[in-house]
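Fit chain B to the known structure of chain A by using the hints.
The listed protein sequences correspond, in order, to chains A and B.
The letter at position 270 of the first sequence is residue 270 when you use the numbering used here, and the numbering goes up by one with no holes.
The letter at position 140 of the second sequence is residue 140 when you use the numbering used here, and the numbering goes up by one with no holes.
To be clear, the hints were calculated from the coordinates, so they are not data collected in a lab.
All figures in this text were calculated on a predicted structure; none of them were measured in a lab.
Among the hints, erroneous ones may be present.
Stated by the list, open to error - Straight-line alpha carbon distances no greater than 30 Å define the calculated DSS-like cross-link-like pairs of lysine-lysine that follow: (1) B/119 x B/109; (2) A/410 x B/109; (3) B/119 x A/26; (4) B/119 x A/413; (5) B/109 x A/413; (6) A/26 x A/395.
Stated by the list, open to error - Far from chain A, by Cβ distances over 10 Å, these chain B residues were calculated: (7) 17; (8) 19; (9) 38; (10) 51; (11) 62; (12) 80; (13) 85; (14) 87; (15) 105; (16) 107; (17) 119; (18) 130; (19) 142.
Cβ coordinates follow ideal geometry from the N, Cα and C atoms, glycine included.
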Amino acid sequence: MQSTDSSFENLRKDFPILKRTVRDNKPLVYLDNASTTQKPNQVIDSITDYYQNHNANIHRAVYALAEEATEAYEATRDKIASFINIQDRQEIIFVRGTTEAINLVAYSWGRSNIKEGDIIVTTEYEHHSNIVPWQLLTQEKRAKLEYIGVDDDGELILDDLDKLLATGKVKLVTFSLMSNVLGTITDAKKIIEKCKVAGVPTLIDGAQAVPHMKVDLEKLGCDFFAFSGHKMLGPTGIGVLWVRKSILETMNPFHGGGDMIREVHKYETTWNDLPYKFEAGTPNIADVVGFGAAIDYLTKIGMDNVREHEIELTTYAIEKLSNIKGLHIYGTKDISKRGGVISFNFADVHPHDVAQIIDGEGIAIRSGHHCAQVLMERLNVAATSRVSFYIYNTKSEIDVLVNSLNIVAKVFKL
Amino acid sequence: MTGTTDIYHEMIIDYSRNPINFGEIKDHDVTFHDSNPLCGDSIDIDMKIDDNKVTDIKFHGNGCAICMACSSVLTEITKGKTLDEVRKIDKNDILGELGLEHLQAVRIKCALLSLKVVKSALYTYMGEHLTDSQDVDKLKEEAANLY
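Isolated chain A, as found in the complex:
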């Protein structure tokens, strides 16, 4: 597939929701993709097909349906392995999403590896899901949570990491591969290099990156990696935790229950093999199947084409938005260092008011702190407006956005 505006526009027919109108018959302009993406028919149909034709519980019964359901569920694990280049499918654990993945690591790995006085390092541009689990853990263990700062261009200050690593007390460094507010793409290679020298494991929150660019875990060389299905055309409630096997083998289970056991006796239990030891209870089978369809869809387009399309949209949007008087864009303008996320403030108008007024024009954007209050404090703002793009967005939608901001200017007499 060629990465041109028109070839991507062609994809829109696969997304039934993009045909609808909102608020007084305005065509929907969906620009909140960093929050969640819309779903193509291929994903929706795969879930329907699963329930209509194959539904059964997995890994248990011998009958035909159970075998089909198990095959469909496990096929997604293989698709994920090749999508982000993982050699060993046993390292892939299905979870509800990135939040659960990080909590799983904090609970199962953190509780047996973090002691009093240890340091866990995160960054100032993390989502709350990569801060709060570590606060809970460090408070419980009397350990410390420290931060890599963010500079005025929205990039991480890696000198902070050097200083922290020099203490010799750091036991984990955790960071997102792309900021959900600034769009900054983290220099993961450099961070991981430094951590490897210091012998410190790394966790990457890939929720914002995996949907938008080619990610290769073999090349990255981190130890834990988490991402969500719903931000990449898949259903909600399904995500992935990948853990390097040498570490995963040492970890205690997260949840106890069915499917994660080998033998259960009255007072003791032995665990099932990886990854099932970490997948207790009946999993979200249908949505795992849907997630597989989403990966197929993205694979067909090609992740390099996805990235190229978003670079084109982001470049266009930054140019157009920069021309609006009083509009301030946060983060770097170096397009090679940012994904398709743009946070801004418009004069003295509160982001909520911006979002509400342009909602009247059919445009869906996010306003608020974007679950990143630590970053909001760093930027010294209470909130921002945020637009974020995906494969089905077009330049003409950006024009609609820009025109609607003129209405905001009129209402607020800017």
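Same frame as chain A, now just chain B:
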């Protein structure tokens, strides 16, 4: 302009730019802070209370136009009222004053954050000054059912 922008009328915009009773009361008798976890709107309210009457009230913080306008109107309504009268202030007193009766659910919390803070401040003050435990229980119940 469409339906959703109708709420942004002159009065709302004016109040958001030039809020009334904005600031702090250093020697307040009671102060309270609350925020809206959804959007980060954050409001502090200081009250001066003499002889069971709110003699002065000021608010500060950060919020959208709806939140700021409602805080202005609420503090105007509250000033000079007896504690029992403040206790009876209803959400419709604020929404009605600004023509926001049909505000969508997600924005109602912006509009009523300051009312929640005023009532919480009031309950805090009354709780500290009441001796009858039955009254305190009733206050707690009222506070719990604010929205």
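Taking the hints in turn, this is what the structure says about them:
1. B/119 x B/109: holds, 14 Å
2. A/410 x B/109: With a Cα-Cα distance of about 25 Å, the restraint between residue 410 of chain A and residue 109 of chain B holds, given a limit of 30 Å.
3. B/119 x A/26: violated, 40 Å
4. B/119 x A/413: violated, 34 Å
5. B/109 x A/413: It holds: about 25 Å lies between the C-alpha atoms, which stays within 30 Å.
6. A/26 x A/395: holds, 17 Å
7. 17: Not fine: 8 Å to the nearest Cβ puts residue 17 of chain B too close to chain A.
8. 19: For residue 19 of chain B, whose nearest Cβ neighbour in chain A is about 12 Å away, the distance exceeds 10 Å, so it holds.
9. 38: violated, 7 Å
10. 51: Answer for residue 51 of chain B: holds, closest chain A Cβ roughly 37 Å.
11. 62: Label violated. Min Cβ-Cβ 4 Å, cutoff 10 Å.
12. 80: Nearest chain A Cβ is 29 Å from residue 80 of chain B, so the label holds.
13. 85: holds, 31 Å
14. 87: holds, 29 Å
15. 105: Check passes; 13 Å lies beyond 10 Å.
16. 107: violated, 7 Å
17. 119: It holds; residue 119 of chain B is separated from chain A by about 23 Å at its closest Cβ, greater than 10 Å.
18. 130: holds, 35 Å
19. 142: holds, 28 Å
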